[in-house]
Amino acid sequence: MTDIAHVAHIATTRQRILIVDDVVENLHGLMNMLRDEYAIIAASGGEKALELAQRLPHPDLILLDIKMPGMDGYSVLVHLKANPATADIPVIFVTAISDAGDEARGLTLGVADYITKPVNPDLLLLRIRNQLELQRYRRYPINFDIARHTDPARPPTLLVVDDVPENIHELLEALKGSYRIMVANSGAKAIEMVAGATPPDLVLLDIMMPGMDGYEVCRRIKATAAGNRIPVIFVTIFDTKQQKLKGFDVGGADYITKPFDIDEVYARVRTHLELARLRHFLEQLVAQRTALLIKSEEKYRILADYSPNWEYWMAPDGSYLYVSPACLEDSGYTPEEFFADAGLIEKIIHPDDLDAWKLHGPHSGESGDPSESSDPNDINDTSGAHASALIFRIKAKDGTERWIEHVCKTVHDVSGKYLGLRGSHRDISQRRYAEEKLDFFINRDPLTGLPNRALFHELLNHALQYAEREQTQFALLYIDLDNFKTINENLGHSLGDQLLIEAARRLKTLLPDSNAIARISGDEFNIILHPGDGMPWVDLLAQRVIEEMARPVELGTHSVYVGASIGIALYPNDGSDTESLQSNAASALHQAKAQGRGLLRFFSSDMSRRAKERLTLEADLRRSIERDELRLHYQPQVDLISGHIVGLEALVRWQHAVRGLIPPNSFISLAEESGFIVQLGAWVLRKACQQIKQWSNMGFDLRQVAVNISALQLSRGTLVETVRACLQETGIAAHQLELEITESSIMLDQEQSFKSLADLKALGVRLSIDDFGTGYSSLAYLQQLEVHKLKVDMAFVRDMTSNSGNASIVKAIIAMGHSLGLEVIAEGVEDIGQARYLRALQCDVMQGYLISKPLPGDAMTDFMDTYVPQETQAEEERLALLLVDDEAGILSSLSRLFRRENYHILVASGAEEALALLALHPVGVILTDQRMPGMTGTELLARTRKLYPKTIRMVLSGYTGLDSLTEAINRGEIYKFLTKPWNDQDLLEAVREGFRRYAELNGNETKNE
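Just so you know, we're using our numbering here: the sequence shown kicks off at 18 and counts up by one.
Warning: the hint list may mix true and false statements.
Derived pair list, reagent style DSSO-like, types lysine-lysine, alpha-carbon separation capped at 30 Å [what the hints assert, rightly or not]:
hint, residue 1, residue 2
1, Lys-778, Lys-704
2, Lys-412, Lys-375
3, Lys-454, Lys-414
4, Lys-98, Lys-134
5, Lys-239, Lys-375
Hint data in this document are derived by calculation from the structure and do not stem from the laboratory.
All chains should be built: construct the whole structure from the sequences, respecting the hints.
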């Protein structure tokens, strides 16, 4: 960076001013005047000012009050000038002292200037700017000394302008020893002398003069070329803000107020003469260097403008310093358009090449200031230059596509300072098109545009290397058009070519994401297929290819049927190299053609058989709805406490016309893989809702019927509308329908799944997590989903009574479900031992063959008609529920309510009778009225707590006096307080919770023992 440029750079930064004053109001006043233009530091005393002045970075200027307690301004100034670190910082006194002796003392000590209080903001800013400008120049002593060097025989000339000579006599006497003095007694004479052969170096100008006042004289002086550089200092008796602002507006440099303080006059004159000389010197230096630069730029311009390449020079900030005219021919955009928009190049680069440009272009880390490299001392650092050319495409202004080759390297000045990037773009479109044309003829089939045999061999090698590295599999399809030879011979080669083109188009349409489709010979094609998430595997895709090729092809006036046969080889089972894979795929193709054509065959005979069965089954499955072959069976769900049926699960069955009843594990996965599960799921939902409506009309009180939902139904986003339509069509209540979702299906597309489930819950439908424990089993997801029920997978239930690991898992799932407020159901219950174990673990509902196998709708209706509640607890294990109330009607109602819960119910009409029953029977929960003759309910429970601490104690009362009840609850004598009249469901759930609590306490005590 040149000295001139560095001076300009410093001038643009925010400079720091230290303000020193012991009066807070003065500090704030000065800060408010300066904070918009400068960075402010403040000190309220001399010692603090000296400390702040020595900190780095040093202040650029100090405003210093004189009269301060302790250390005054003179003492601070002496310390500043005595310290080499702060000696060069200009200091301006800001003071109310106006005595000439005080000013002289300050100037002798080294103060740069004075500002008197009250402070004029404009004058303050002017004095600060002058001193800062001088300070910037003084930082370059070579330039400063040159500027200061003047001829001793010719001291600076001052022009003193005043219409009354007596006014300036004292001033002239004081200045004539140091300066050459010129005098003018009018404004006109002053203007004439400024325009003369020897103009003055500075003008001292009176304001109040007859005819032409000082303001007009200054304006006219500044309007001339010579006078524009001459500083003008007004000499006046006025000290008003308006007068000074007017002087600054017409070009005045400063003010001196009458009566004169000679030391102040010397300081002002010396400052402005020095500034004027420095500015004049810098103007000359700039003019010289500008002339040299113009000459240098002209040489560069001739070289760059006549280069056939599109050249540019980019500044460190990313803007263009130069763009050659060749850019117009290459891009259609002018240099001016690139200057106006530095990002234009990125707007015209092809989107597919933009990432490479950002990674390796001028704005990448590879093309920055080498000073920012990891090793700034490395002189061999080439981070700012491209070792090789970058090739990309642009869209020219006329819409054409051009190929560009780009290189760039960093630019530095003689001192090594980074100046930006010098780059070149070269249009290589013709070369590129020639290369592409050559590549096409070498690697592509000219008729279809597909890869040819040579390129496909490379693609197959890449697929083998990838599969070996990633331990994955892929399939090689060998396709042959069945009737091509006949069509080609009968209709001619031209129509035969059209047929091949159409076959290639259909393959690309069917497999849009595959770039490994090749025509390897006349009517033979090869395809590489990799398994992907959510896509069918090779047998289904191959069948779709056969179906697509079986559609008629219109060739002119002819509608022809061609068909295709396919042979399939799998890596690594059928070969681990290209030759063996292609050979085995070809063998499978010959087998397919030999067995009738229009077929697919795997190289493995067993896989061929199974693939054929799967394809046949898929085709039949797609027609199962229209053929009315699907059936819904229902399996009951039974409450483990009451033994009553509380719900059913709908399970789809397929009554195949030939194979008979096909279980779901033989076709559900195929339906999901083929996408048919969405139609199948919608059918199940509709039929289940219709059945719910029918049972409701018949008087069956079922809480809900559960329907399984697949991952594909969730992710498609149409499930909510399907459910809403079924509910509206049948008129059933939303809570009668429960949807079972597996954990893994939610994880496939979390965002869409969560949205669908939230919408379903908003409809009022119940939600259940199926097969819990076999998937992610995440508490975080359970809380987010806010489901109603957890279903323990049968894999854990099946042998939980003999497998301690599974027993622990079942116990943990039940406890976790209850802690989240969820109902827990266990599926796969097949014997009474499992049922009793689940009840002991406080599981809520069971489902399995112990109750019934899945039955058709009519059979399930008969089953529910004749069903007798299951007893899942041995008589000796049954815990008693003790009901205590002095009203016989209440006891009767409570007994009827709890009888269906399978509890051993004991009743007592008073506290004494209840205590007698407690002594005879193991009571799990006691439910008592509060107000009874003899002994109140709380008194009874207090005794029960002492005698039978395991028993869970509850109050059921209409008594509203809460003082005694609150005390009893606080003492731990009452577990729960319930009010009369009660809600049946709430009361049943409260007592169930009490028995769960009893089981927990009993289990913990046993464990501790």
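Which numbered hints are broken by the structure, listed smallest first? 5
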